[in-house]
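Chains A and B, in that order, give the protein sequences. Start counting the first sequence at 0; every next residue gets the next number (numbering that gives the first Met the number 0). Start counting the second sequence at 0; every next residue gets the next number (numbering that gives the first Met the number 0).
No false leads were slipped in.
Coverage of chain A stretches by chain B, computed from C-beta distances (three or more under 8 Å per stretch; other residues unrestricted):
no.	stretch
1	38-45
2	89-95
Restraint-style ranges between C-beta atoms, simulated for each label pair:
no.	chain 1	residue 1	chain 2	residue 2	range
3	B	177	A	37	14 to 24 Å
4	A	62	B	68	51 to 61 Å
5	A	35	B	39	35 to 45 Å
6	B	240	A	94	23 to 33 Å
7	B	240	A	67	25 to 35 Å
8	B	240	A	35	18 to 28 Å
Examples of chain A residues toward chain B, derived with CB under 8 Å:
no.	residue
9	75
10	82
11	86
Derived from the structure by calculation, the hints contain no laboratory data. Note that the Cβ used here is the ideal one computed from N, Cα and C, for glycine as well.
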Amino acid sequence: MRLTILLTISLFLSACGTPPATYADARAAAMTAIAAATDRGHAWTTSDQLIDEADKAVRDGNESLAISLADEARIHAELAVQQADREATAWRDNLISN
Amino acid sequence: MKSLNLKTLLIVCACVALLAGVVQADPETERQTMVDYFQKKFPNVELAEFANGIYAFDENAREQWIEIEDFPPYEIAIEDGEAFFNTPFANGRGYADCFENGGIAVRQNYPYFDSSKGEVITLEFAINQCRQDSGEQPLPWMTGELAAISAYMSFTSRGNPIDVQISNDDSGALAAYAAGKQLYFTRRGQLNFACSHCHVQSAGLALRADPLSTTLGQATHWPVYRFKWGEIGTLHKRFKECSEQVRAQPFEAQSAEWRNLEFYLTYMSNGLEINGPASRR
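All chains should be built: construct the whole structure from the sequences, respecting the hints.
Pasting the structure below:
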């Protein structure tokens, strides 16, 4: 019973996800998300700008800032994919009619 | 029971046909809807005047523009373009060999859908295709020599009404038109704007100090000398700028996406006269 509870808790925690431990992980996750947004033709310019800033931060030795910037780049790319999903049908709402 | 089934089937068919008509209207009906929309929005603007962009309805900007046209900043591009146009390729052929009527007064027929290739051909795309067919390197798409040649070809086409053809029997052309239309009305970028938000719903309103142009007439005057660019540039340079303004990653110049967009946009200006090249703020 105790083992089951421990396993459940550990599974729950792993499912919640933890922030990438290193800048390399954070950057890789961001680049994967950016590639997905680009494939949909919906990438935002902000993601690339944030990655540039993150690269600069890591060069300056500020890895925690670099990780947070890379995470932000990933979030922007994920939002761009959500936009692509939404607009697949929502674009029709903008059409004019007399 | 049998007759009831047939009746039901007929009703369903009628409903489907009606729905298809609503969802997939033909390009000419949609162009007329666009014309009607802007004529209602700007009741004092003559239809032909929409070819002049914001100068059709912004009196102060129009006065400055008319004065600028006394010594137009695109004049050098026309002269350079004529010289480039008439310079033969290494194989002895030239641009005139690639176009109908020797490339003179043909801009109004571009872009068109090439059914054999299954893609939209813009004038700039055709210019580079002409070069490559003669073994020449393609030119950069958005400025410089290509824009100058395009400017010269527009100049020889001035006064000719835009005549982009889309047959309702040509499924490829209809698909390209539909893709261009979808892109025009799709929200993109971090600012979550579609082209239509600025150039349909908000046309005539100001974005900071600049009035927003109307969809109608947006394709008549390219390439354009923009003072903020300090040079002449093609329509796809403007597409790139618009994309970046809403923080969307731009497509490549002359990508299929933007050629389809130009196809839609130019079709919306059918009947308006070519008045390029032009100057804009």
